[in-house]
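Kindly generate the complete structure, drawing on both the sequences and the hints.
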Amino acid sequence: MTDEGCVCQSPKEPNANLLAMLLANLAKWDSLKTIIQRKQPPPETLGSDELVLNQLMDLFVKGADGSFNKDADYDYLAYMFADLAKHAEIREHFVRRQDYDEAVPLTKIRVFTEHKSDVRRKGVASTIKNVAFDVPSHPAFLAEDEINILPYILLPIMGNEAYDEDEMMDMLPDLQLLPPDKQRDPDPKIVQTHVETLLLLTSSKGGRDLMREVKVYPIIRETHLRVNDEGVQEACERLVQVLMRDEEDEAAGARAEVEDDDMRIVEV
Amino acid sequence: MEARANNGVPQKIAEHVLEILVNLSGDQEILENLATDDKFLDVILLHITVRHVMRSGVAPFR
Chain A
1 MTDEGCVCQS
11 PKEPNANLLA
21 MLLANLAKWD
31 SLKTIIQRKQ
41 PPPETLGSDE
51 LVLNQLMDLF
61 VKGADGSFNK
71 DADYDYLAYM
81 FADLAKHAEI
91 REHFVRRQDY
101 DEAVPLTKIR
111 VFTEHKSDVR
121 RKGVASTIKN
131 VAFDVPSHPA
141 FLAEDEINIL
151 PYILLPIMGN
161 EAYDEDEMMD
171 MLPDLQLLPP
181 DKQRDPDPKI
191 VQTHVETLLL
201 LTSSKGGRDL
211 MREVKVYPII
221 RETHLRVNDE
231 GVQEACERLV
241 QVLMRDEEDE
251 AAGARAEVED
261 DDMRIVEV
Chain B
1001 MEARANNGVP
1011 QKIAEHVLEI
1021 LVNLSGDQEI
1031 LENLATDDKF
1041 LDVILLHITV
1051 RHVMRSGVAP
1061 FR
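Protein chains in written order, with the numbering used here: chain A, 1 to 268; chain B, 1001 to 1062.
None of these hints come from the bench; they were simulated from the model. Hints may contain errors.
The calculated lysine to aspartate or glutamate pairs, modelled on EDC-like cross-linking and capped at a C-alpha distance of 20 Å, are [unchecked claim]:
| no. | chain 1 | residue 1 | chain 2 | residue 2 |
| --- | --- | --- | --- | --- |
| 1 | A | Lys39 | A | Asp49 |
| 2 | A | Lys12 | B | Glu1019 |
| 3 | A | Lys33 | B | Glu1032 |
| 4 | A | Lys33 | B | Asp1037 |
| 5 | A | Lys28 | B | Asp1027 |
| 6 | A | Lys70 | B | Glu1015 |
As structure tokens, this is what we get:
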């Protein structure tokens, strides 16, 4: 298709957002997961590698708010990533350090859980949750020097509520002393998705211990109190049950909790 | 369908075609047809990463 004539490159595709929406829809078809094998020459200005999936990730990151292409923000690519993350091989890709930029793809998008675009936030939250179904990568999810996902999913579910000083002191540094105008994510579906990601991450004892240590419970308590949404409250209750349970009966309990029928890959 | 985006009119056509495809791809049968068409995916993926303007007149969208 490109073997005839000259191919002139310009980062100004005027319909890039529509193309992103189309790809988000196409990702609902399972065979689109073969996108992971696709290669094409990367555009020179993007600084990406040959893998199409990495190029799309870089477009999504560098192209936010029209900074790569003034006609596009590429927000809908987040929905494509979320649907692709239903597949194990894509989940593994998102948590694997890439050679060309030495970055784990998930670490490049985690910052968008606080972005102003509803589509971008929702898609990224769903991507993170779906990738969290990859249980072997949970230690990397939680490690501060790796994916370090906790502050990025806890910050959006926090508002400007005040905490006791001893609770606050144990919280992650990024979550202490939030400004008085700090607002919780206004979309309850996104809040629910983040709480469900936390629930998935309780499937290991390491995850549960860490969440107790950094005082996730008071954050969930306030979320439960302040978000008037059945889905959010239910997710909070399930997470609290796991966090407050004695470790003795956890071996049986926590597993069952996470593998409960209600915990499904999220469709966006 | 001609969708060369280097002059005003065909660019609009590309936009309309894409809008139609976005809407139609909600239908399972059409979704399968589009998502399993390798050549079509090639074109979509090339276009979203960089805009390729083909001087030879090859139409990117069928």
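Evaluated hints:
no. : hint                : result
1   : A:Lys39 x A:Asp49   : holds (9 Å)
2   : A:Lys12 x B:Glu1019 : holds (18 Å)
3   : A:Lys33 x B:Glu1032 : holds (13 Å)
4   : A:Lys33 x B:Asp1037 : holds (13 Å)
5   : A:Lys28 x B:Asp1027 : holds (11 Å)
6   : A:Lys70 x B:Glu1015 : holds (16 Å)
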